[in-house]
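Student: Residue-level listing of the chains:
There are 2 protein chains.
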Amino acid sequence: MKGKLFIVSGPSGVGKNTILNRVVAGRENVQYSISATSRAKRPGEIDGKSYFFVTREQFEAMLQQGELLEYAEYVGNYYGTPLKPIEQATQAGIDVVMDLDVVGALKIRKRVENAVLVFVAAPSFDVIRQRLIHRGDVAPDVMESRLERARWECEQAGEYDYIIINDSVERATQELMAIMTAEKCKTMERIHIVKEEL
Amino acid sequence: MKGKLFIVSGPSGVGKNTILNRVVAGRENVQYSISATSRAKRPGEIDGKSYFFVTREQFEAMLQQGELLEYAEYVGNYYGTPLKPIEQATQAGIDVVMDLDVVGALKIRKRVENAVLVFVAAPSFDVIRQRLIHRGDVAPDVMESRLERARWECEQAGEYDYIIINDSVERATQELMAIMTAEKCKTMERIHIVKEEL
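Protein chains in written order, with my numbering: chain S, 2 to 199; chain E, 2 to 199.
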């Protein structure tokens, strides 16, 4: 049985990475999607694991050859999602998970029809504010712009297939795992097994 | 949050009841739908638990008042699914599960839009045959007609939302539980929570 692509979005600070790390650690046949980037490798980062590190020229060539499902430019560096490793994994029956912003997620949905989009929301918007403040590494105006972005992202949640409210990391993790299991049980994924038996 | 109605179908002998019993025993806020019937109560059966025992006249009155989601007549007795207890439970946040034949399940889908239909299939059709033989309580021609019915039911699996292949009771039970959890995470069920926060 083929794997599926699960894209997880949600406002910064909502706990997406904690949930995804637990799912990848606690479940068989799941792996992260690895992004390509043109930014310089930082100490400790591993090519092909942290990112696929490429030059700007290589990135632009990948883009032109349709090898990227989506991309964006931040602070002069490209970041994008290569299609081929995702195809290889899902063909081999492995689910692929990724943390991606709303704009990127909605772009991918247009190209990968059966991608599953999961939005992680906080129990309240105030929780997002508190978590951003506790990180404490940004000026108030940057904070405001992040909150505005978070608000806009939550407004797009209706475009997603599933919503997880992260009021407990344990429950949120279980819910994402349940979604992944249920998606494999969908009739479209299994009807051929039943038909072959008849 | 409201509960949902989960209807489980599948050929006789496939193990639907074992799976449902485990789900009802192992999960919070789930209960069985209780059928109404006009047949006589047997020793050990409890009214309102095994069935709602009613007279033929009472059953026909329920039918005329639209209180039954579906019904059928077997060997001169009526059997049907009362709507009201399901509505009361789901309004109270309780999921309702039932084992129902394909004809009844597809009838209910027309009236309860968000009912979730799960088909339980055997790992192979030969397994169904073996399980029916092991029960050993029927004549060969009855067996053949049951197998024909099982075959027809499997042909309808494409109408269902999910398919579970019962090659392991543990896994099949986990899959049904995952489906129930994932259905509660669907965007339609939760978008109001995210919208209210904004």
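None of these hints come from the bench; they were simulated from the model. These numbers were taken from a predicted model, which means no experiment stands behind them. Hints may be right or wrong, so weigh each one.
Put simply, identical chains are the same to the list, so a pair is met inside one copy or across any two.
Only pairs whose alpha carbons sit at most 35 Å apart, straight line, appear in this in silico DSBU-like list of lysine-lysine [stated by the list, open to error]:
| no. | residue 1 | residue 2 |
| --- | --- | --- |
| 1 | Lys187 | Lys42 |
| 2 | Lys85 | Lys108 |
| 3 | Lys196 | Lys42 |
| 4 | Lys111 | Lys185 |
| 5 | Lys196 | Lys5 |
Student: Flag every earlier hint the structure violates by its number, smallest first.
Tutor: 1, 3
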